[in-house]
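J.: Listed below are the residues making up each chain.
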Amino acid sequence: MINFLPKQLFLLDPLAIFFLAVIGLVCIPSAIFSIGYMREEPLKKKVLAWALLMVFVLSMCSVVTAGNLFSFLIFWELMSLASYFLVVFDYKHEKSINAGTIYLIMTHAGTACLMAAFFILYNYAHSFDYMAVRHAVVLLSPQMRNIVFLLLLVGFSTKAGVVPLHIWLPYAHPQAPSHVSSIMSGVMIKIAIYGMIRFFVTLLGPGPAWWGAAILVLGMISCLVGVIYALMDHDLKKLLAYHSVENIGIILLGVGAAMFFASLSIVPVAALSMCAGLYHLVNHALFKGLLFLCSGSVFKATGLRNIEKMGGLIKAMPMTAFFFLIGAMGISALPPLNGFVSEWLTFQAFFLGILQSPGAIKIFMVVSAAVLALTSGLAAACFVKAFGITFLAMPRSKRAQEAREADSSMKAGMALMAAGVVLFGLGAGFAAPLIFNISQSVLGIQATQISFHLVSIIPPAIAAFLLVLGGVIFLWFKFGLRTRQVQYNTWDCGYYALDSRNEYTATAFSKPFRIAFGFFLLPYRKSEKIRDSFYHIRKFTYETHTTLVFKRYFYEPLARMIYGAAFKMRKLQPGSIHLYILYIFITLVTLLALATVF
Amino acid sequence: MMTLNNVIMITGKAVTLALFAPLVSGIIRKIKDTLRMRKGQSIFQPYYNIRKLFSKNEVISGNVSWIFYAAPVIIFVSTACALFMILMAQPGPDMKNGLAVLIAAFFVLGLGRFFLALAGLDAGSSFGGMGSSREMFISSFAEPAAFIAAFVLFMGGGNCFKISGLLAGIAIFMVTIAETSRIPIDNQETHLELTMVHEAMVLEYSGRSLALIELAAHIKQIVFFTLISWYFFSVLTLGCWSWLLFSAEIVFIGLIVALIEISVAKMRLFRVVDFLSFSFFIALVASIAAGLGL
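So the protein lines, in turn, are chains B and E.
Mapping the first sequence onto numbering that gives the first Met the number 0, position 221 (from 1) lands on 220, and the numbers just tick up by one.
Mapping the second sequence onto numbering that gives the first Met the number 0, position 21 (from 1) lands on 20, and the numbers just tick up by one.
Treat the hints as calculated values from the structure; they're not laboratory data.
Be aware that a few hints might be false.
[As the list claims (entries may be wrong)] Covered stretches of chain B, as calculated for chain E (at least 3 residues, CB under 8 Å):
#, region
1, 212-223
2, 331-340
3, 480-492
4, 551-559
5, 570-576
Heads up, the beta-carbon is just placed ideally off N, CA and C, and yes, glycines get one too.
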């Protein structure tokens with residue numbers, strides 16, 4: 000008896016409302032931004048873009064409010080398809096089609112895992128309702144529960160872009176129009192985190208401790224791999240996409256630690272970790288959305304995505320530069336902005352975990368904290384590169400020289416997001432307890448001993464200190480000191496012809512990192528000399544590349560294997576009708592035989 | 000939690016430390032010169048330098064944006080803020096909040112570093128970019144060791160009679176060498192483009208902006224020296240704030256720094272990774288020891 004009509008269509012619990020709020024926080028500014036961004040497109044395309052955007056946003060809202068497995072899956076698929084069409088929106092570019100295909104394959108591989116898990120659950124619960132599933136979980140044997148966990152983990156990780164399933168992110172996110180990249184990166188990949196929390200914590204949980212530990216380890220790997228690739232990439236949007244991989248890792252550090260400590264029933268640490276993870280989720284939605292919008296504004300002004308060809312944009316586009324700086328400071332976890340608050344909370348959660356847990360777990364937490372520390376250091380380095388090379392010094396190309404500031408609706412979209420980045424930093428005293436309450440209700444625990452006194456004081460105190468002392472120095476410089484400022488050239492060692500070609504490039508900036516992580520990046524060079532004669536080289540080209548390890552050693556062999564198998568399978572299909580009738584006959588006999596056996 | 004009395008006391012300490020910060024650099028310089036059989040400058044030379052810089056006109060590149068003007072102020076203010084916070088974070092009975100403030104202080108130092116690196120890129124000079132790249136490279140590898148050492152301090156390892164305290168102290172000392180641009184990581188005394196890190200970033204600065212940056216560097220140095228002193232001498236300083244002992248500790252740390260500076264050669268940039276990962280592993284061992292209560 001198939002019970003396809005579930006009793007509970009929608010479920011609005013604190014977790015769902017939290018995610019609805021996140022969707023709203025990113026989608027509204029992005030939609031405002033898109034008015035200016037899409038201005039030059041023909042009317043037909045504009046209408047199509049808006050329609051797809053609405054379907055996309057509505058489907059995301061429906062996924063988080065769905066009350067049963069069946070509608071979850073339907074809306075999940077709708078979300079994937081709508082975003083696919085938005086990725087290939089620029090369908091005349093071969094790159095878009097390619098990116099879309101990779102995205103479509105990966106997302107459906109993930110969805111297939113989800114479906115398998117859902118059918119297993121249905122088999123036990125005889126209903127798709129969350130409530131029924133919740134009650135049926137006790138019937139699952141531990142092995143079966145682990146299988147469901149692993150299937151769901153692969154399914155959600157594919158969507159979230161967890162390493163090594165992150166492969167589609169750096170293709171799909173840059174190719175979509177920027178406001179869509181902002182929503183995909185800011186919100187859509189978070190919907191997978193919603194899925195993880197919904198299924199692992201509220202429906203299947205609390206599971207065994209290794210579930211949380213596995214997610215924690217995946218988070219660590221994602222953090223480091225994401226940020227290292229981001230350092231190497233000089234395509235502004237691709238760089239941001241890799242940072243999404245990194246930040247999903249940081250969110251998973253919080254969520255994984257929460258699951259881990261919940262199953263050890265160390266309640267306060269679990270609640271604080273979940274709070275840190277969810278806080279970082281909001282923050283990443285805000286600053287990554289903002290950064291993608293800024294990159295869209297830069298792309299619209301210059302037509303460039305390669306930061307090596309930019310430079311000096313801060314003079315032509317002061318507002319975009321300012322908003323990008325806010326986003327960059329947020330993502331680099333610089334106080335008093337929002338990224339700082341959530342990473343700081345994560346460190347506090349780890350430390351509390353160290354204080355309250357026995358032996359080996361302490362070391363595990365220390366290593367997690369070390370990974371987070373390294374990641375935040377590398378992220379800051381990456382955003383010095385991204386902001387410095389894009390916006391500072393002299394323009395490196397004619398297009399960068401001719402850039403113009405974005406129009407008012409784009410500025411309004413960016414300003415809204417930037418305000419969010421600042422408010423979630425300074426207003427941590429309001430936001431953190433709220434998110435903490437949500438974490439408590441998600442985990443179904445009460446942890447009264449956690450106080451947010453310090454969290455509410457420190458960010459505004461730092462801001463006040465910086466502003467007051469900075470203001471005093473500024474006034475002293477302006478009115479107190481009698482020294483003058485003289486304008487002259489940049490120091491050029493007496494060369495007197497310094498131009499943009501003498502500037503430090505992004506490739507040069509990331510060189511130390513390329514060497515330090517050479518064991519993972521496997522860098523290689525290509526150089527070519529074209530000679531007029533033995534003594535004179537007319538042209539010399541030099542390229543440096545890094546090897547994408549996962550693509551090279553996992554996905555490419557896999558794709559080759561699938562193609563190989565497909566070519567072999569082709570022999571089954573020679574075009575002879577007699578053979579096909581034979582196939583039908585064999586199938587029929589086999590099925591009949593099986594029907595008698597079972 | 001924080002009474003007004005407390006705030007005034009910390010402000011007093013912070014201002015005093017900031018005032019004496021350049022002196023520490025002067026003393027280290029003097030020790031080095033003495034050991035090298037040179038007459039050397041007066042220990043007050045850093046003060047003279049700063050006064051001189053404040054009274055000079057500034058030469059500013061035509062390529063720069065507002066970041067270049069704002070950076071010195073942000074660097075100075077954030078370093079001062081970190082000094083305040085580190086004094087607030089002194090190990091005490093409230094371990095969780097103490098650690099939280101110390102970690103926040105590290106992040107505040109990161110704010111200054113971020114703007115210093117951006118300012119290095121702003122003038123469009125290769126030197127500046129080189130310095131920024133190297134600074135971010137070194138500091139990101141120093142971060143894990145610093146954070147774990149901070150954890151150990153609040154796990155009960157703030158004591159040189161414990162293995163954990165000793166090891167974490169060594170780790171934070173190595174981080175300090177990297178963060179205060181000392182040999183063997185960086186060299187404050189040279190302007191050779193192959194080797195300079197911090198000096199390369201501030202190459203375009205002059206006058207009052209340079210004065211602020213130099214003052215910030217002195218303060219950052221005393222921030223880290225204070226941190227080291229907690230690992231090795233906390234038994235002596237906790238409870239009562241004895242200025243004399245504390246000054247002796249700082250000078251002693253300065254002596255060790257000076258001895259290292261005159262006796263080893265500067266490392267190649269890429270060896271810094273080995274140096275800092277070594278400090279990371281020491282810190283990790285320290286945390287294991289602290290976990291075992293050693």
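J.: The structure should be examined with respect to each hint, and the outcome stated for every one.
T.: Hints versus structure:
no.: 1; hint: 212-223; in the structure: violated (count 0)
no.: 2; hint: 331-340; in the structure: holds (count 5)
no.: 3; hint: 480-492; in the structure: holds (count 11)
no.: 4; hint: 551-559; in the structure: violated (count 0)
no.: 5; hint: 570-576; in the structure: violated (count 0)
In this structure, the hints that do not hold are numbers 1, 4, 5, in rising order.
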